[in-house]
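Q: Listed below are the residues making up each chain.
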Amino acid sequence: MEYSKQQEGTNCTVTMRGRFTFSDRNMFDQIIQILASGIKQLTLDFSEVEFIDSAGLGMLLLAQDEAEKANATIIMTGAKGHVEKMFKVSRFDDIFVIQ
Amino acid sequence: MPINDSQLFQAAILIVEDDEANAVYLTEVLEQAGFCNISHVKDGEAGLSAVHASVPDIVILDINMPKVNGYEFCTAVRKQEPLKHMPILVQSGAIDDNKLTKAFLSGATDFIHKPVNNEELLARLCVHLENQMMMRELAHFRSRLERELEQARSTQESLLPTQHALDALAKQFNLGVATYFQPSSEIGGDLYLVMPLDDVRVAVSVVDFTGHGINAALNIFRLHTMLYSINISEHSPGELLSYINGKLHKLLPTGQFATMFYAILNSHTRTLDYAMAGAPAPIIKSKRGAKFIDETGLPLGTREATGYDTHRLQLKKEDILLLYSDGLTETPSGGSAYLSDNALLKQVEKAAANADVLLKDLVSNRYERAGDAVPDDITLLAVQC
Chain A
0 MEYSKQQEGT
10 NCTVTMRGRF
20 TFSDRNMFDQ
30 IIQILASGIK
40 QLTLDFSEVE
50 FIDSAGLGML
60 LLAQDEAEKA
70 NATIIMTGAK
80 GHVEKMFKVS
90 RFDDIFVIQ
Chain B
0 MPINDSQLFQ
10 AAILIVEDDE
20 ANAVYLTEVL
30 EQAGFCNISH
40 VKDGEAGLSA
50 VHASVPDIVI
60 LDINMPKVNG
70 YEFCTAVRKQ
80 EPLKHMPILV
90 QSGAIDDNKL
100 TKAFLSGATD
110 FIHKPVNNEE
120 LLARLCVHLE
130 NQMMMRELAH
140 FRSRLERELE
150 QARSTQESLL
160 PTQHALDALA
170 KQFNLGVATY
180 FQPSSEIGGD
190 LYLVMPLDDV
200 RVAVSVVDFT
210 GHGINAALNI
220 FRLHTMLYSI
230 NISEHSPGEL
240 LSYINGKLHK
250 LLPTGQFATM
260 FYAILNSHTR
270 TLDYAMAGAP
280 APIIKSKRGA
290 KFIDETGLPL
300 GTREATGYDT
310 HRLQLKKEDI
320 LLLYSDGLTE
330 TPSGGSAYLS
340 DNALLKQVEK
350 AAANADVLLK
360 DLVSNRYERA
370 GDAVPDDITL
380 LAVQC
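Chains as they are written, first to last, in numbering that gives the first Met the number 0: chain A, 0 to 98; chain B, 0 to 384.
Calculated from the structure, these hints are not laboratory results. Please note that a few of the clues may not be correct.
As the list claims (entries may be wrong) - Derived lysine-lysine pairs resembling BS3-like cross-links, with alpha carbons at most 27 Å apart:
1. A:87 / B:290
2. A:87 / B:170
3. B:349 / B:290
4. B:170 / B:316
5. A:87 / B:316
6. A:87 / B:345
7. A:79 / B:290
8. B:316 / A:68
Generate coordinates for the entire structure from the input sequences, incorporating the hints supplied.
A: Structure follows, in structure tokens:
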């Protein structure tokens with residue numbers, strides 16, 4: 000997976016690309032670190048993510064934990080295909096703001 | 000992996016050198032440095048006999064010797080498995096580039112000029128001995144780990160019902176039962192259950208913990224203990240998943256969870272009561288075709304206060320309930336190797352209405368599609384009414 004980020008004030012948008020799996024945990028740690036830098040709203044754009052495995056879902060839960068600690072909100076956008084299905088089956092809309 | 004000095008100084012060093020004076024000198028230098036296990040032979044032939052009798056930790060080798068010279072010695076030992084990685088430190092007087100290349104091509108590990116600079120000799124010797132010892136430690140560690148994983152795998156297999164127990168259950172309840180289990184490494188994070196609850200009802204389930212390997216397998220043992228520490232026949236599927244969720248939420252760190260589908264099949268009325276925690280959607284294959292059980296639910300261990308509902312489906316004679324872990328459909332390579340929902344449904348529809356045949360079809364298709372590598376645990380369970 001690759002990602003790029005765009006920050007405006009306390010809002011940050013991270014656009015991820017490719018496959019989000021167990022092997023991306025180090026990279027996703029960097030994304031989680033963004034939450035420690037005073038960001039209030041982190042938008043994760045999944046429109047270019049084609050696949051997520053259970054480890055990927057687990058990392059999102061970790062991010063959510065960090066967001067709650069930092070009093071920030073995570074918004075997930077653009078999920079489609081396999082990723083959208085995984086969010087639905089795991090009922091991630093109960094935990095995250097999914098747009 | 001630090002090498003301590005006493006290990007290093009006990010290393011077996013073999014000097015293969017026809018010049019007696021030089022051999023004595025080398026021995027003195029090494030002994031003064033603290034090495035205490037040094038032997039000496041006078042030519043390549045004696046050298047070969049010595050390494051065959053007992054493999055030293057390192058050989059200090061002269062090039063120009065009678066009978067078998069240094070090049071021939073190297074070539075001969077590199078052909079033999081136990082000697083392939085034995086370090087050979089070649090020492091020689093005037094040597095041109097061609098001869099040096101020839102020494103390395105023959106299998107020398109390193110080279111040092113004669114007359115030998117004592118400090119350089121000791122420095123090079125220690126580097127190769129330390130490498131050699133670390134390689135040996137690694138190989139030892141690896142073989143121990145492999146043995147332990149093999150034992151763990153067989154312990155984990157003992158959690159699964161035996162073929163004999165499955166056959167007995169199928170006969171008792173007049174059901175067709177087929178299973179397939181292939182962990183990705185020696186041990187895995189998947190588990191399936193097929194167990195009688197009483198004279199009429201059978202519990203079936205597939206569980207998948209995040210990740211695979213040792214950590215996931217340990218979680219499988221935890222879950223297994225949990226399931227057997229309560230009387231599960233007294234609980235509806237929703238109650239059971241809610242109970243396990245509460246327990247796992249306390250045990251698992253954030254980011255780890257389990258997906259689980261748990262159902263109770265009444266073999267007389269053919270009603271299926273089930274609850275879902277984020278597992279891949281099970282499939283009902285009937286005479287009319289195949290369809291997913293489209294139920295959703297948070298994976299177990301994610302949120303403490305999650306409740307799981309029990310749902311009910313009416314099955315008919317010969318209907319097949321198919322449970323599977325995501326290892327069946329998902330592959331890390333992606334692309335054509337990934338099995339879409341539609342493609343999976345079509346495969347199930349097309350297969351013969353028999354639990355055994357259905358699983359065999361799905362398994363053979365999985366390996367044709369995605370190759371022999373198993374990056375994630377694959378678990379399949381089919382029960383036919």
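Q: Go through the numbered hints given earlier and state which of them the structure violates, listing their numbers in rising order.
A: 2, 5, 8
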